[in-house]
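Please model the complete structure; the sequences and the hints are all you need to start from.
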Amino acid sequence: MRAAGAMFCVAAVLAAHPAGSADPAARPAARHEHTNVILISLQCLRPDHLGAYGYKRRTSPFIDAFAKQSVVFENAIAQANLTPIAQMSVLTSQYPRVNGMVSFEVSRDMVTDKTLPEILKIYGYTTAAAVSSPEFFMRYDPGTGAMINPGDIFSRSFDSFNRTMRGPEGRNLRNLRRLPNESLEWIRNNKDKKFFLWIASGLLHMPYGAAVPSKERSRYDPQNYTPFWKRIPLQSGRISADTDPAYEVFSRVRNNDFYWGFSPVYHLSAEDVAYVNARYDAGVHYTDQFIGELMNLLDSLELTGKTLVILQSIHGDELGEQGNYFHYDMTDTVLKNALMIRFPDGEFGGKRVREQVQGIDIMPTVLNYLEIPVPHEAQGGSLLPLLRGTASAYPGEFAFVDRTPWWEFNLSQWYLDFESAKGDRFPPSERKKLDEYRSMLKASFSTMEYPPGDIAIRTNEWKLILRKNRDLLDKVSWWSFITGKKHVIEELELYDLRSDPLEKKNVAAERPAVVARLKAKLLEWDASVEMRKARYRKDDKRLLIPYP
Amino acid sequence: MGTLGLGLGASLVGGLSRYAEALDRVEGKYKDYNVVLVSFDALQAAHVHSLGYPRAITPTIDALAGRGFNFTNNISVASWTVPASMTWFTGVYPSEHKLTNKFAVYEPPVTKLSNLKELAPNIVTLAEVLKQNGYATGGFTGNAGVNGFFGYGQGFDTYFFEKGKFGSMDQSVPKALEWVAANKDKKLFLFLHGYDIHGQHVPASGFDYRYVDKGYDRKYTGSAAEQEALREEGLAKGHVSLRDEDVRFWRAIYDEKINRTDAVFKKFLAVYDSYGLTGKTIFILTSDHGTEFHEHGRFDHGFSLYNELVHVPLILTLPGVPGGKVIKDQVSSIDVMPTVLDLLDVPVADAVRKQLRGSSLAPALKGEPVAKDVYAETDYRLYTYKRSVSTMDGWKFIYTLENKGRELYDLKNDPGETVNLVEKQPKIAYELEQKVFSHFRSIGSDLSARRWEPGLNPVYDSQAKAAPKK
Numbered sequence: 001m002r003a004a005g006a007m008f009c010v011a012a013v014l015a016a017h018p019a020g021s022a023d024p025a026a027r028p029a030a031r032h033e034h035t036n037v038i039l040i041s042l043q044c045l046r047p048d049h050l051g052a053y054g055y056k057r058r059t060s061p062f063i064d065a066f067a068k069q070s071v072v073f074e075n076a077i078a079q080a081n082l083t084p085i086a087q088m089s090v091l092t093s094q095y096p097r098v099n100g101m102v103s104f105e106v107s108r109d110m111v112t113d114k115t116l117p118e119i120l121k122i123y124g125y126t127t128a129a130a131v132s133s134p135e136f137f138m139r140y141d142p143g144t145g146a147m148i149n150p151g152d153i154f155s156r157s158f159d160s161f162n163r164t165m166r167g168p169e170g171r172n173l174r175n176l177r178r179l180p181n182e183s184l185e186w187i188r189n190n191k192d193k194k195f196f197l198w199i200a201s202g203l204l205h206m207p208y209g210a211a212v213p214s215k216e217r218s219r220y221d222p223q224n225y226t227p228f229w230k231r232i233p234l235q236s237g238r239i240s241a242d243t244d245p246a247y248e249v250f251s252r253v254r255n256n257d258f259y260w261g262f263s264p265v266y267h268l269s270a271e272d273v274a275y276v277n278a279r280y281d282a283g284v285h286y287t288d289q290f291i292g293e294l295m296n297l298l299d300s301l302e303l304t305g306k307t308l309v310i311l312q313s314i315h316g317d318e319l320g321e322q323g324n325y326f327h328y329d330m331t332d333t334v335l336k337n338a339l340m341i342r343f344p345d346g347e348f349g350g351k352r353v354r355e356q357v358q359g360i361d362i363m364p365t366v367l368n369y370l371e372i373p374v375p376h377e378a379q380g381g382s383l384l385p386l387l388r389g390t391a392s393a394y395p396g397e398f399a400f401v402d403r404t405p406w407w408e409f410n411l412s413q414w415y416l417d418f419e420s421a422k423g424d425r426f427p428p429s430e431r432k433k434l435d436e437y438r439s440m441l442k443a444s445f446s447t448m449e450y451p452p453g454d455i456a457i458r459t460n461e462w463k464l465i466l467r468k469n470r471d472l473l474d475k476v477s478w479w480s481f482i483t484g485k486k487h488v489i490e491e492l493e494l495y496d497l498r499s500d501p502l503e504k505k506n507v508a509a510e511r512p513a514v515v516a517r518l519k520a521k522l523l524e525w526d527a528s529v530e531m532r533k534a535r536y537r538k539d540d541k542r543l544l545i546p547y548p
Numbered sequence: 001m002g003t004l005g006l007g008l009g010a011s012l013v014g015g016l017s018r019y020a021e022a023l024d025r026v027e028g029k030y031k032d033y034n035v036v037l038v039s040f041d042a043l044q045a046a047h048v049h050s051l052g053y054p055r056a057i058t059p060t061i062d063a064l065a066g067r068g069f070n071f072t073n074n075i076s077v078a079s080w081t082v083p084a085s086m087t088w089f090t091g092v093y094p095s096e097h098k099l100t101n102k103f104a105v106y107e108p109p110v111t112k113l114s115n116l117k118e119l120a121p122n123i124v125t126l127a128e129v130l131k132q133n134g135y136a137t138g139g140f141t142g143n144a145g146v147n148g149f150f151g152y153g154q155g156f157d158t159y160f161f162e163k164g165k166f167g168s169m170d171q172s173v174p175k176a177l178e179w180v181a182a183n184k185d186k187k188l189f190l191f192l193h194g195y196d197i198h199g200q201h202v203p204a205s206g207f208d209y210r211y212v213d214k215g216y217d218r219k220y221t222g223s224a225a226e227q228e229a230l231r232e233e234g235l236a237k238g239h240v241s242l243r244d245e246d247v248r249f250w251r252a253i254y255d256e257k258i259n260r261t262d263a264v265f266k267k268f269l270a271v272y273d274s275y276g277l278t279g280k281t282i283f284i285l286t287s288d289h290g291t292e293f294h295e296h297g298r299f300d301h302g303f304s305l306y307n308e309l310v311h312v313p314l315i316l317t318l319p320g321v322p323g324g325k326v327i328k329d330q331v332s333s334i335d336v337m338p339t340v341l342d343l344l345d346v347p348v349a350d351a352v353r354k355q356l357r358g359s360s361l362a363p364a365l366k367g368e369p370v371a372k373d374v375y376a377e378t379d380y381r382l383y384t385y386k387r388s389v390s391t392m393d394g395w396k397f398i399y400t401l402e403n404k405g406r407e408l409y410d411l412k413n414d415p416g417e418t419v420n421l422v423e424k425q426p427k428i429a430y431e432l433e434q435k436v437f438s439h440f441r442s443i444g445s446d447l448s449a450r451r452w453e454p455g456l457n458p459v460y461d462s463q464a465k466a467a468p469k470k
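Protein chains in written order, with my numbering: chain Z, 1 to 548; chain V, 1 to 470.
There may be inaccurate statements among the hints.
Okay, derived cross-link-like pairs now, BS3-like style, lysine-lysine, Cα gap no bigger than 27 Å in a straight line [said to hold, decoys possible]:
(1) LYS538/Z with LYS117/V
(2) LYS404/V with LYS121/Z
(3) LYS121/Z with LYS424/V
(4) LYS186/V with LYS175/V
(5) LYS433/Z with LYS485/Z
(6) LYS186/V with LYS121/Z
(7) LYS424/V with LYS412/V
(8) LYS519/Z with LYS432/Z
(9) LYS117/V with LYS163/V
(10) LYS427/V with LYS193/Z
(11) LYS121/Z with LYS435/V
(12) LYS194/Z with LYS424/V
(13) LYS131/V with LYS29/V
Simulated from the structure, these hints should not be mistaken for lab results.
Given below as structure tokens:
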């Protein structure tokens, strides 16, 4: 299957160091002269729901086959819990604060440092994207109240940017968050070009399974199961009529209690949680088929031997392990990513890396492999020395996460307005308090500067979270609102990831030495990143990314 | 780049046989010879006749070039005196010797002058090395940017500078000759400097306007105050308005100063020669930076890294070697210290060897290639922070740190640096930008590791006010 690409591979393997001053005719071509790149970014993909990462359910036969030909990173971390923030971090190899993409506001040119597609374009790549995560193109203009697609930092530097459309009225999310199939057609039409293709799929995002064809959607469903939200008797208002696990339902679930009118009116059973996972897994399975189709296409077009393929999660999702859902915070279920890199000549195929790596390491690795100088603004490091066994340390030994409390900011700016306009989504008791809550949120975030947020340091063994502005978090917390109870947030959380992977127990009080050591390192990083913080230009028109 | 053999590849003037004769002597070292390092402060390469300037205003300098080695493509590591000159004596970049501005700390009422020993205590200077090897060392200067308080005197037995002045060679030359006379039996390292050509100096008897157009309306008179005003206006507004005749006037003033200085230097050489020392002296004539005459819309020096500010003469004479050889390879002022140590065959401690960032230019004297990429930097008064690379194949990239400004020039086709090719040649621009950052990281200055905000670090008292807005 790969023999056809062999001749390209030999040249790649023999490529000289870029600084060589020898006779150009004798020097072998640099890899960037003949290697395509495909970056597959899968929103909300939990690595532990893939066979390749040990999942019991056979959700991903094609990805598993791909994994065998690739390097599989078992401990890859996202730089943030939110999609556009985590992904811009990958595309720039910079922490969110440094590239400026920290919230759900975006102005046309807010990220000024070079992105991966921009650099590859400089090196003669044809760049294209097929995107079905609306976070990367859909914008809400608070001035006009309209949804628009003006193109901005995510679409710039792409010769062709193909994004999904909402389509006619009805389930717009189903149309938006489907599989980005146009990527396959694009490859067929451009196979002779040297290309960088970014495939970003939003299919796995809530509502789970919405874009999966109906008969496949229910493949893992528990027998004779009716979604719990259709069974709860409510005195007023209604919850979603759909069977897809959706945000409007799960934004009301905390510790597996469903809240309505500030009261826990239902406790999710194991079967309920299984249903959520079933619908999620149906999405994984459906996505896997697409990946299989993609890989077969590359083989049939003889591109496998000259294409570097990176498959990554943008971040994960909570699926009820702790009774919580979605990607609100920095648990490992949210931060741990699938990350696999398949090299054109099969180098490192089958290798599994246990050392921690982070999102900002992807771009330096790609550029390093292609023999393109890594931009000085990049904050991650190439993983090639780690793969080659020549690293004495590796860049991700200490991984850092930057979480500004923009969740509630985003809610206040769009979601609550939109949802409350739908009338009966909130019962009267909640509706009364909603205005108050919304105003309080707006006032809390009124300066539009970076509120000091949560920061975390993670190693192979520990995770330490420091909430720098606990008072703000306590005040604005959505969970405090919807549950009617104060959502108490600790200033410091320490988790022993080896013995407590689900992070059930905060052991900060019991391990003061570990806390001291990690906290010192975390604060050192915080200060260094703070110094390089991007600054908002006050007059820039900012639009909102309308999806939490 | 790979050419071998004697006399091939580099340009050569003079008969092959005469050159072969010269080779044998160059082959040897110059142990115990004297070294006279002369800095004609603010002299740009473009105004030196033997570097192509049409007016023959530098007969003495030309004569030395005629019997020596003329490096026509020598680039200074900085565009003003304080950072540039210290590099000759340390062999390291300003980012390492840390004399990047007059003050190490400027937060009135707390101010602290920059000083080499305090800022870079591990650096060993050229004078210190030579002194350790039995040399008598003397520096005779015009003060200001090379004054003793900065640490320029480190390693010199005697270091002359007149406080508060932009002193002339009229003062430093007699003092230097006095010292030479008293030490002529020793091996000597002499640093001779004067501000005669600098904008802040006017001839003691005033100008005679020898080169000024007869019809010029004397809008300007050439005074230090006018020069300062033009510079400050340029910094405040980003450009100054000057008529063509004004630019010609200022160049004529500059030429008069150069011509006068050349004459003073001629007298120095005559007296020096009368002590019988010329035959065992290596002369190195150079300058720390040039002067902008509106090439890029501004006036004076320090605030940019264009060639009118960093392209400076470097002429080296070796006794007994018939020269007149032109060396076009691009070299850097950072090569001066390694070259002196190499030619004098002085034993160099490992620590000092590791300190040196440049390389000896002695191979060039034998016709071997020495061309290199050269780097320059300025943090002029904290008004701006710029870093540049000039590649040996003629590309120049300048990065301005406070606003991430990027400039790329094709010097072969656009020596005046007028057309910014950053958009048209994105790959070259990208690669050279990474080269610049990589270079500075390698010398311990990670440009990404801090914010670069314009501030205030005055040179003259008149500049000690609020930082200019840009």
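Verification of the supplied hints:
no. : hint                   : verdict
1   : LYS538/Z with LYS117/V : 44 Å, violated
2   : LYS404/V with LYS121/Z : 20 Å, holds
3   : LYS121/Z with LYS424/V : 13 Å, holds
4   : LYS186/V with LYS175/V : 17 Å, holds
5   : LYS433/Z with LYS485/Z : 13 Å, holds
6   : LYS186/V with LYS121/Z : 64 Å, violated
7   : LYS424/V with LYS412/V : 16 Å, holds
8   : LYS519/Z with LYS432/Z : 42 Å, violated
9   : LYS117/V with LYS163/V : 20 Å, holds
10  : LYS427/V with LYS193/Z : 19 Å, holds
11  : LYS121/Z with LYS435/V : 19 Å, holds
12  : LYS194/Z with LYS424/V : 21 Å, holds
13  : LYS131/V with LYS29/V  : 19 Å, holds
In the structure shown, a violation is registered for the earlier hints numbered 1, 6 and 8, in ascending order.
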